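Protein chains: 2
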Amino acid sequence: MKAPRILETALYVRDIAEAVQFYSDILGLELVRESSERNAFFRCGDGILLLFKADETLKPALNADFAVPVHGTYGPGHICFAASRDELSAWRQYLIDHGIAIEQELKWPNGAHSLYFRDPSGNSLEFGEPKLWA
Amino acid sequence: MKAPRILETALYVRDIAEAVQFYSDILGLELVRESSERNAFFRCGDGILLLFKADETLKPALNADFAVPVHGTYGPGHICFAASRDELSAWRQYLIDHGIAIEQELKWPNGAHSLYFRDPSGNSLEFGEPKLWA
Chain V
1 MKAPRILETA LYVRDIAEAV QFYSDILGLE LVRESSERNA FFRCGDGILL
51 LFKADETLKP ALNADFAVPV HGTYGPGHIC FAASRDELSA WRQYLIDHGI
101 AIEQELKWPN GAHSLYFRDP SGNSLEFGEP KLWA
Chain X
1 MKAPRILETA LYVRDIAEAV QFYSDILGLE LVRESSERNA FFRCGDGILL
51 LFKADETLKP ALNADFAVPV HGTYGPGHIC FAASRDELSA WRQYLIDHGI
101 AIEQELKWPN GAHSLYFRDP SGNSLEFGEP KLWA
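Residue numbers (the working numbering), protein chains in the order written: chain V, 1 to 134; chain X, 1 to 134.
Since the hints were derived computationally from the structure, they do not count as laboratory data. A quick note: this is a predicted structure, and the numbers were derived from the prediction, not measured. There may be inaccurate statements among the hints.
Identical copies go unnamed one by one, so any copy, or any two together, can satisfy a pair.
[Unchecked claim] Below, in silico cross-link-like pairs of lysine-lysine (DSS-like), each with a Cα-Cα straight-line distance of 25 Å or less:
1. LYS53 x LYS107
2. LYS107 x LYS59
3. LYS2 x LYS131
4. LYS107 x LYS131
5. LYS2 x LYS107
6. LYS53 x LYS2
Input sequences plus hints: build the corresponding full structure.
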């Protein structure tokens, strides 16, 4: 058997309200439903980006009927969003215009480009060309 | 602007070789290239699952030409793989047959089902019906 595709990707943040502002206002993602102090869920393509506050999700669930297993990490995680070369250029300028520092830009051996920046919690975010993995 | 889709999802594991065995032999994922003691990269649908050893990725890069920004987390992370109801039943039996404990099963208010288990590092993995997010 083979796991077919990733439906949910999670990052852990220090403050949900601060993160919601960043992921919705800067990255343009739509909340699936209202966020809480514990989590925020965004639609992204045909998947979902989950943001959690680890201090909360490491506690046993309050509602035994929906007792999701405990999880939660500390330290800077990483995700990469797909972007074409043109989109990458547009994001570079857009991030700079919005006061987000570009931490690194890389050109990989196969010619794909990547652009790195941080969310307010220090997670390492990337826009990268899908051909990096072709 | 709007981040269009997630290309790379990352989990952090205690031992790459142990994790590679689990993600390839149990979850059926294909390595994109040979793994190292630092990382392993798997294709999953149109995305990539990155496994990292945080002790390594939190060190500054050795090769200045490919200096990916440092990242790395400790504690149990979470991802969910998409699965239809029938696939979920098949995975339940398959995991049990392979000695993987089912930690939890949930039926959500909208009728979607989820199945939770752990990787060898304690990351919380899920198979879930995409309609959970419809």
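Quick one: LYS2 to LYS107, C-alpha cut-off 25 Å, is that within a copy, between copies, both, or neither? between (32 Å within a copy, 23 Å between copies)
Within, between, both or neither: how does the pair LYS53, LYS107 come out at a Cα-Cα threshold of 25 Å? between (33 Å within a copy, 23 Å between copies)
From the Cα coordinates, with 25 Å as the cut-off, is the pair LYS2 and LYS131 best called within, between, both, or neither? Classified as both; 23 Å inside a copy, 20 Å across copies.
Within, between, both or neither: how does the pair LYS107, LYS131 come out at a Cα-Cα threshold of 25 Å? within (12 Å within a copy, 38 Å between copies)
Up to 25 Å between alpha-carbons, please classify LYS53 paired with LYS2: within, between, both or neither. Answer is between; shortest inter-copy Cα gap is 23 Å, intra-copy 30 Å.
Intra- versus inter-copy proximity for LYS59 and LYS107 (alpha-carbon distance at most 25 Å): Between. Shortest inter-copy distance 21 Å satisfies the 25 Å Cα cut-off; intra-copy 42 Å does not.
Figure legend: structure checked against the earlier numbered hints; every hint is met.
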